[in-house]
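Colleague: Here are the chains, one letter per residue:
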Amino acid sequence: MVTNEDVQRFITAIKMASTYDFSDYSERSFKRRVEKLLIDNHMDINQLSLKISKDKFFLEKVVRDITVNTTELFRDSDMWITLKHQILPKLKKNKSIFIWHAGCSSGQEIYSMLILLHELGMFEQAKVFATDINSEMLESSKAGVYKYRFNLGYLDNFDKVIKENPLNFEETKDVPYEKYFDIDKVKDTIKMKEFLREKVVFRKHDLVNDGNIFYSKFDLVLCRNVIIYFNNKLQNHVIELFNNSLYRDGYLVLGAHESILGPVSNNFDRTKGFYKKKQF
Amino acid sequence: MDYKAVIIGGSAGSFQVITKIIASLPENYSLPVILCLHRLKHVRSGFVEALSIKSKMPILEPNDKDPIKAGKIYLAPANYHMYVELGNRFTLSTEDVVNHSRPSIDLSFSSASYNYKRKLVGIILSGANKDGALGLKAVNDSGGLTIVQDPSDCQVPTMTQAAISATEVDHVYNTRKIIEFLLNLDS
Ligand SMILES: C[S@@+](CC[C@H](N)C(=O)[O-])C[C@H]1O[C@@H](n2cnc3c(N)ncnc32)[C@H](O)[C@@H]1O
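For the protein sequence lines, the chains are A and B, in the order given. Sequential numbering from 1 applies to the first sequence in my numbering. Sequential numbering from 1 applies to the second sequence in my numbering.
Here are a few chain B residues that face chain A, going by a calculated C-beta distance under 8 Å:
hint	residue
1	N63
2	D64
3	K65
4	P77
5	Y80
6	Y83
7	E85
8	L86
9	T91
10	L92
11	S93
12	T94
13	E95
14	S111
It is worth saying that the hints were derived from the structure and are not from the lab. For every residue, glycine included, the Cβ atom is placed at its ideal position computed from N, Cα and C.
Turn these sequences into a full structure, and let the hints steer you where they fit.
Modeller: In structure tokens:
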């Protein structure tokens with residue numbers, strides 16, 4: 001059993017060896033991640049802390065394993081359908097549209113966005129930025145290759161968002177998958193097309209320590225299923241950052257079961273999972 | 001006996017039992033009722049609506065960090081683990097399945113027992129796997145009260161049997177007795 005003191009020692013060991021600070025992550029789920037880490041590495045907390053202090057590569061691997069990276073193409077399809085019908089059309093008149101995916105994990109969320117933008121004829125005007133705390137996740141995002149058989153649900157989601165629910169009734173679309181990705185059943189892969197992959201600017205970015213590292217504000221910030229791992233204090237800090245990084249009338253998109261609590265929520269109008277920055 | 005919360009775990013065969021239980025609870029029940037139920041993979045929505053038909057208490061799928069309040073029923077959202085955090089709030093997580101399940105009853109129960117200690121009532125209902133057994137043990141180890149639906153009253157007894165062998169439970173009750181017990185808790 002991992003005690004609270006063990007978790008504190010682990011957090012301290014990481015702080016001493018790097019800039020990462022997990023002090024304000026949600027306690028219960030973080031503790032469980034530490035337990036899992038110890039089991040998977042066959043170590044106790046002392047051995048783990050020692051290795052973290054000596055081995056940078058190991059430390060990066062620990063950061064990857066301690067964070068939760070689950071994601072999907074068009075995860076939570078209702079959100080994407082709302083985006084398609086209600087949010088993106090409002091931005092279409094803009095000359096350029098700045099989009100930030102914060103906590104992009106292995107990139108499925110970014111490619112979902114790019115595909116949708118392309119279908120709506122908004123691909124050229126979009127400037128897409130993506131960040132994550134973990135460099136390995138950024139590498140997988142850039143590669144844009146996913147397992148095929150394990151992820152058949154991606155295709156269902158694609159159908160729901162892209163093929164079904166058309167914008168108007170004349171439109172009956174059969175969008176072939178190959179327009180956006182190649183499926184190789186032998187290699188068991190789905191690989192995103194190059195024109196999508198090269199569209200994105202990737203940067204390593206830690207929501208705990210870093211501010212807006214791009215010389216721009218944003219029309220859309222997506223940060224889904226990231227702040228559930230943060231406590232209230234850190235959540236507020238991050239929402240504040242997004243508030244400052246959005247254009248007026250820009251939207252913050254959170255995960256299906258996330259919301260803004262506390263005073264910062266007054267800066268936004270909420271419809272479904274979309275938070276629109278108010279005019280003041 | 002001043003309990004602070006009731007937590008109920010169920011899986012295959014528990015839907016009818018749960019429906020009966022929540023139909024019996026009064027509108028202003030004096031405790032929060034936390035439900036962690038396994039769902040079929042494809043039944044992602046409509047579950048709250050189905051449960052709400054018979055319920056006098058409001059049923060909510062909480063958002064992350066939502067406060068836990070008396071008089072409400074909280075249902076773990078599909079595809080998220082639901083933890084009870086110190087300070088009486090929920091935390092959600094999408095980490096890997098535990099016991100093939102997300103939500104995992106073990107995780108919800110253990111975290112709730114950590115927050116409520118002696119002041120928690122944990123109930124395990126019908127189900128086809130072993131999720132919940134360690135969770136109920138955690139409730140017992142922190143001094144909370146443990147109840148298991150009588151395996152002979154269950155459509156699928158695996159989960160309740162696993163719970164009974166994992167820990168010394170306080171009561172083995174059929175559905176009617178569980179309801180009676182919960183109504184007696186109401187103040
Ligand atoms: C569950 S994934 C979410 C992926 C995607 N947004 C989605 O909803 O499908 C969470 C991601 O947040 C990242 N993350 C965790 N802590 C972070 C931090 N402090 N700064 C930036 N990213 C962080 C993790 O590395 C992980 O890739």
